[in-house]
Amino acid sequence: MMAVLGDPGRWQRRNYGPVVRPYAVTRGRTEPEVGVVLDLIDVVVATGEGAHDDDPARGTPEHRTILALCESQLTVADLASRTGLPVGVVRVLLADLIEQGAVTVVRQRPAGHRPGNDVLQEILNGLRAL
Amino acid sequence: MASVPFDGTSSGTGGELAPFKIVIGGGFGAGKTTFVHAISEVRPLHTEEALSTASIGFDDLTDLGAKRTTTVALDYGRITLTERVVLFLFGLPGQERFSFMWDEFSYGALGAVVLADVRRLDDCFASVNYFEKLQVPFVVALNCFDGAPKYDPEEVSAALDLDPSVPTVLCDARDPSSVRDVLIALVENISGGSGGTESR
Ligand SMILES: Nc1nc2c(ncn2[C@@H]2O[C@H](COP(=O)(O)OP(=O)(O)OP(=O)(O)O)[C@@H](O)[C@H]2O)c(=O)[nH]1
Ligand SMILES: [Mg+2]
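These protein sequence lines are chains E and Y, in that order. The first sequence lines up with residues 1 to 130 when you count with the numbering used here. The second sequence lines up with residues 1 to 200 when you count with the numbering used here.
Hints in this document: simulated from the structure, not taken from any laboratory. Certain hints may be false.
Cβ-to-Cβ under 8 Å is the rule here; a few derived chain Y residues that face chain E [said to hold, decoys possible]:
1) E16
2) L17
3) K21
4) R43
5) L45
6) H46
7) T47
8) E48
9) L81
10) T82
11) F88
12) R180
13) I184
14) V187
15) E188
16) S191
For every residue, glycine included, the Cβ atom is placed at its ideal position computed from N, Cα and C.
Kindly generate the complete structure, drawing on both the sequences and the hints.
This is the structure:
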């Protein structure tokens with residue numbers, strides 16, 4: 001996918017200029033078409049279902065890269081950092097995969113939700129062990 | 001890494017990833033990048049922002065069509081604490097023109113660290129105001145720059161007019177154990193001090 005983002009010639013015909021190049025992989029969409037906007041630390045995972053690999057509905061190489069990474073649970077931030085794609089692009093691609101049933105949201109953390117004491121203790125113990 | 005789907009029934013104990021977000025605020029040059037680097041594997045995270053607000057200084061916007069965005073690289077760190085518990089650190093871009101992005105990064109955050117340079121204390125006012133208003137629990141970490149005057153954290157707390165419940169601690173953002181202690185102070189404070197009994 002770096003080839004897509006890094007290839008200088010490929011998108012120039014669109015006359016958008018380099019600053020908009022990331023959205024070329026989403027066909028210009030800057031917002032997911034359906035569903036909720038995922039938070040940076042929402043966790044997603046592949047379902048093992050949805051369209052077949054050779055189905056055109058599976059989308060771009062970026063869709064397939066994200067789907068492959070989703071074999072294990074990952075956050076939206078993990079996916080953006082591993083692919084080098086901007087967060088907004090990852091959100092749009094994930095929304096496509098979720099709509100196809102290929103990816104599902106494991107966890108959405110409600111805003112301002114304080115975790116329980118056992119979880120806080122787990123975090124503290126982990127930090128102290130660093 | 002077989003494609004074993006997540007088993008939703010094991011919630012809380014087994015396979016479910018438990019991510020927590022901690023945001024790092026503070027003024028320009030307060031040490032945010034250094035802080036995130038010190039404790040975690042840092043990979044850049046890219047986001048894209050509307051050029052209308054973020055593009056001052058860009059040359060030519062005329063041919064951009066409808067999608068006027070620019071890519072911004074952010075400080076992003078990941079600390080794996082246990083098999084399931086992972087902390088994500090996000091440095092908030094300090095420049096005023098990116099402050100509209102703070103909401104996205106602070107949404108649902110476990111807590112926040114405000115890095116302060118005592119030589120330019122007013123630079124952190126915006127972050128302090130922001131987390132107070134959002135009611136995100138935070139600590140103020142006084143970054144010990146070489147040659148900076150030494151202030152008593154209590155003096156700084158008074159100068160910032162902080163609620164007494166907000167801890168003010170000293171830190172060296174270059175030192176991993178110092179950074180860890182700041183995060184411990186934050187989480188201890190969130191857990192109401194009850195988690196701090198075995199303090200080191
Ligand atoms: N002596 C000392 N120097 C520090 C400390 N923390 C950061 N620095 C230095 O201060 C400078 C600025 O630190 P950064 O981590 O880049 O600050 P920042 O908040 O990310 O800056 P911006 O992203 O530009 O707002 C760097 O040269 C660091 O090496 C510290 O605790 N002690
Ligand atoms: Mg920085």
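Worksheet item: Any CB of chain E closer than 8 Å to the CB of Y:I184?
Response: Hint on Y:I184: holds, closest Cβ of chain E at ~5 Å, below 8 Å.
Discussion item. Does the closest beta carbon of chain E sit nearer than 8 Å to the beta carbon of Y:R43?
Written reply: holds (4 Å)
Worksheet item: Should the hint that Y:K21 touches chain E count as held when the rule is a Cβ pair under 8 Å?
Response: Given a least distance of 5 Å, the restraint on Y:K21 holds.
Item to complete: Go through the hint on Y:V187 and say holds or violated, using the shortest Cβ distance to chain E against 8 Å.
Response: holds (5 Å)
Worksheet item: Can we keep the Y:E16 interface hint, with Cβ of chain E closer than 8 Å?
Response: holds (7 Å)
Discussion item. Next item in the hint list is Y:T82. Is there a CB on chain E closer than 8 Å to its CB?
Written reply: holds (5 Å)
Practice prompt. Tell me if Y:L81 is really an interface residue toward chain E, meaning its C-beta lies closer than 8 Å to one of theirs.
Written response: OK, holds: Y:L81 within 8 Å of chain E, min 3 Å.
Fill in: Interface hint compliance - Y:E188 to chain E, C-beta minimum distance less than 8 Å
Check passed: Cβ of Y:E188 comes within 7 Å of chain E, closer than 8 Å.
Worksheet entry | Supplied contact hint for Y:L45, tested at 8 Å Cβ to chain E | holds (5 Å)
Worksheet item: Should the interface hint for Y:H46 be scored as holding, given a Cβ-Cβ cut-off of 8 Å against chain E?
Response: holds (4 Å)
Practice prompt. Verify the interface restraint on Y:F88: the C-beta must sit less than 8 Å from at least one C-beta of chain E.
Written response: holds (5 Å)
Item to complete: Could you check if Y:R180 really has its C-beta closer than 8 Å to a C-beta on chain E?
Response: holds (5 Å)
In the structure shown, no violation is registered for any of the earlier numbered hints.
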